[in-house]
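Colleague: With the working numbering, the residue at position 85 of the sequence shown is 85, and numbering never jumps.
Among the clues, some could well be false.
[To be verified] Here are the computed lysine-lysine pairs in the BS3-like style, where the Cα-Cα straight-line distance is at most 30 Å:
no., residue 1, residue 2
1, Lys49, Lys260
2, Lys223, Lys150
3, Lys185, Lys150
[To be verified] Label pairs and their in silico Cβ distance ranges:
no., residue 1, residue 2, range
4, Ile34, Thr156, 39 to 49 Å
5, Thr226, Glu144, 47 to 57 Å
6, Asp146, Gln169, 47 to 57 Å
7, Asn18, Asn202, 50 to 60 Å
Hint data in this document are derived by calculation from the structure and do not stem from the laboratory.
Glycine included, C-beta positions come from ideal geometry on N, C-alpha and C.
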Amino acid sequence: MSAKMEYKGTDVEEAIGNACAALNVPREELDIRIISTGSTGIFGLGRKKAAVQVTLKKEGGHEQRRPAQEKKASTPRARSERPASERKPSAPPRAPRVERSVDSDEPAEEVVGDPVTPEEMEAIRADIAKILELMGCPSEISMEQDQNNKVHAKITGEFVEILVGPEGQTLDGLQYVLRKVITRKFPQKVLFSLDAAGFRENRMGELQERAVRLAQEVKETGKTRTIPAINPAERRMVHMALQDDTDIRSRSVGEGLFKKVLIYLPGKGRRRSPRKKKSGEKSPE
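Given only the sequences and the hints, what does the whole structure look like? Please build it.
Modeller: Set out below in structure tokens:
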């Protein structure tokens, strides 16, 4: 009995074509069973590939064809050995590339995106409007592009409070989804931000004041203060607000997109590794 093999593609026809190419046979020589027709998802997100299961039909006693990749088995060509004196010196290994974290204690450098055309701006606005309608929160949306080519979308209307959510969490979630949609839709590097009724500007001002107030408490009490989990842009704002104060330090802790910010005195914000015991030293009872 022929083995069953599974192949995938963006749709059923492509999946069958991939099977024919891999097995080096025409479509007529395959028994085909469709496993999944695939799904385009929403705005390109959640897309699933089509899948088919195929077996080779029997050909009246003739040997079935083998897959194209198994038809010709080539043996690797032996490498010629040269005397060590004739070999070219190998290039020194490259030093690992160090990526600067956008969430370091230092403020991130200004980023410039690729230009976005008016037609592309309108396509982004239409996607935002569609998502808000699906949420039951139709709103007015204005678009603009700044000198760094960053696209700013601003929402106004009666549903602003719902769309912002507690501590801006709903707005952050919408912005995250829209950035994913934009990345899939456009080939260039598009910088994007989403705001509602000036929430982000007000929020940044509040965070700056809070950071300065907590820094003063740290200097007076010597105790570390914490700002609960906030998004990367807000963390950078806190670090920038405190960068000129040489008496305190700030750093981000946690996993994932949202992290806490610690504000502390130098030498008190990092854990010390346990001291190693010396040979023969007894542990305290």
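Colleague: Against each hint, give a clear statement of whether it holds in the structure.
Modeller: Hint check:
| no. | hint | result |
| --- | --- | --- |
| 1 | Lys49 with Lys260 | violated (38 Å) |
| 2 | Lys223 with Lys150 | violated (39 Å) |
| 3 | Lys185 with Lys150 | holds (16 Å) |
| 4 | Ile34 with Thr156: 39 to 49 Å | holds (48 Å) |
| 5 | Thr226 with Glu144: 47 to 57 Å | violated (35 Å) |
| 6 | Asp146 with Gln169: 47 to 57 Å | violated (25 Å) |
| 7 | Asn18 with Asn202: 50 to 60 Å | holds (53 Å) |
In terms of the numbered hints stated before, the structure departs from hints 1, 2, 5, 6, listed from lowest to highest.
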